[in-house]
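2 protein chains.
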Amino acid sequence: MTRIRFHRSLDDLKEKLLVMAGLAEQAIQRAIEAYRVRDLSICDLVSRSEMAINRLEREIDQAALDLLAMEQPMAIDLRFILAVIKINADLERVGDGAKSISDRVRTMDNMAIADLPVDIPRMASLASNMVRKALQAFIEADAEMAQSVLSLDDAVDSMNRAAHVSLANVMATQCHLAPQALNALMVCRSLERVADHATNIAEDVIFWVKGADVRHKGSVDADVAGSLEAPVSRHAN
Amino acid sequence: MTRIRFHRSLDDLKEKLLVMAGLAEQAIQRAIEAYRVRDLSICDLVSRSEMAINRLEREIDQAALDLLAMEQPMAIDLRFILAVIKINADLERVGDGAKSISDRVRTMDNMAIADLPVDIPRMASLASNMVRKALQAFIEADAEMAQSVLSLDDAVDSMNRAAHVSLANVMATQCHLAPQALNALMVCRSLERVADHATNIAEDVIFWVKGADVRHKGSVDADVAGSLEAPVSRHAN
Numbered sequence: 214m215t216r217i218r219f220h221r222s223l224d225d226l227k228e229k230l231l232v233m234a235g236l237a238e239q240a241i242q243r244a245i246e247a248y249r250v251r252d253l254s255i256c257d258l259v260s261r262s263e264m265a266i267n268r269l270e271r272e273i274d275q276a277a278l279d280l281l282a283m284e285q286p287m288a289i290d291l292r293f294i295l296a297v298i299k300i301n302a303d304l305e306r307v308g309d310g311a312k313s314i315s316d317r318v319r320t321m322d323n324m325a326i327a328d329l330p331v332d333i334p335r336m337a338s339l340a341s342n343m344v345r346k347a348l349q350a351f352i353e354a355d356a357e358m359a360q361s362v363l364s365l366d367d368a369v370d371s372m373n374r375a376a377h378v379s380l381a382n383v384m385a386t387q388c389h390l391a392p393q394a395l396n397a398l399m400v401c402r403s404l405e406r407v408a409d410h411a412t413n414i415a416e417d418v419i420f421w422v423k424g425a426d427v428r429h430k431g432s433v434d435a436d437v438a439g440s441l442e443a444p445v446s447r448h449a450n
Numbered sequence: 214m215t216r217i218r219f220h221r222s223l224d225d226l227k228e229k230l231l232v233m234a235g236l237a238e239q240a241i242q243r244a245i246e247a248y249r250v251r252d253l254s255i256c257d258l259v260s261r262s263e264m265a266i267n268r269l270e271r272e273i274d275q276a277a278l279d280l281l282a283m284e285q286p287m288a289i290d291l292r293f294i295l296a297v298i299k300i301n302a303d304l305e306r307v308g309d310g311a312k313s314i315s316d317r318v319r320t321m322d323n324m325a326i327a328d329l330p331v332d333i334p335r336m337a338s339l340a341s342n343m344v345r346k347a348l349q350a351f352i353e354a355d356a357e358m359a360q361s362v363l364s365l366d367d368a369v370d371s372m373n374r375a376a377h378v379s380l381a382n383v384m385a386t387q388c389h390l391a392p393q394a395l396n397a398l399m400v401c402r403s404l405e406r407v408a409d410h411a412t413n414i415a416e417d418v419i420f421w422v423k424g425a426d427v428r429h430k431g432s433v434d435a436d437v438a439g440s441l442e443a444p445v446s447r448h449a450n
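Chains as they are written, first to last, in my numbering: chain V, 214 to 450; chain E, 214 to 450.
Fair warning: there could be bad hints in the mix.
A pair holds if it fits inside one copy or across any two, identical chains being indistinguishable in the list.
[Stated by the list, open to error] List time: in silico DSBU-like cross-link candidates among lysine-lysine, alpha-carbon distance up to 30 angstroms:
(1) Lys227 / Lys423
(2) Lys346 / Lys423
(3) Lys423 / Lys229
If you are wondering where the hints come from, they were derived from the structure by calculation, not from laboratory data.
Chain V with its partners taken away, still in its complex shape:
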């Protein structure tokens, strides 16, 4: 494989991962819309997305493995491919989160509507925003933007904690609303996990981008230094 063909393959891999990210983000948005308007037909769409996401995860994993096996890439390219493998796994779990939320919506079907002390659409939009920003950081190889995702996670965590306290309080004081409160609590927890996956993705972006600078640090082992002298690739800019 020529260097040019190799770089085209890396671009294809990146392209596939972006499709995967789009599917995962859309799945979360659909799941929250299904929750908001209680529409089971949207839940069906989420289930179908999840299957597509699982298929694409395997495809990306295989493409990454093939590149590692055929090309034995060095330094920045190696780190890029490893980051893709990790981000891929996190996106698949974002899809799982969407599926969990839509499963909750199905169980809500026969419950009365309750006014609960929690703003799930807002929490969902924060979590989705983190996924989007982490992927943006990946596209632009921007470690600073990835860093900003890490701080957003605190906001989602504290929303989740607050929701947990207020919904547990509803359960303890208004028994008849316990099923709805429990459902809302589980949805919050799924969203908090989506935010965790966005955080993992951001950390992987930092790991990958920082790899471009690692050879400038004094701590690099002499043995490794040689393999880190590969030219910085196009996709790292």
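Since chain V is already given, all that's left is putting chain E on it; use the hints.
Relative to chain V, chain E alone:
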């Protein structure tokens, strides 16, 4: 690096992963013991384990990356190292699960003891057993044993679903027990996730072991075939 030194490094990597697995398994057992006897001093041990697990996760990741960068291993060795990277991430999340459970124990400290319709120690022992078996399959490169872990996951899933139904019922009918029931439900969910991680590990073992056979299949691309002719390593036996 000579071939012998390379194999020694692979063994070191495997050894580190087994230490990681031991820590993760111990963390789950301690968290459940803390839950069972409501002992906050055990929760402190779990928190300390979690920090050790996180440190070791980074160390293993770096060692795996160094091996990939320095050795550009092929075929079975490449798949082995990738499996280590993935299993490592799952073990770290098992540690997170233990931490979540011990956080629950802390919130239980001021709650009255309640007799709940759920057997958490049994569910914990099933989930731990899955982690142990998945690691055993890894040590012995035994795809069949890994396959048996996958079927155990169904048992944990159905225990979790049953616990969810019965605990939600407690919440809806005995308001004063809602806090305890909610805590138990969250612990079940954490255990169900531990079982999911054991399942992921088992799948990674299958992926790695099956790699040893991939060249016997007709579907291998001619380009890849060369790189798959590396001798099957000692650690794959």
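Item to check | In rising order, the numbers of the hints this structure does not comply with | outcome: none
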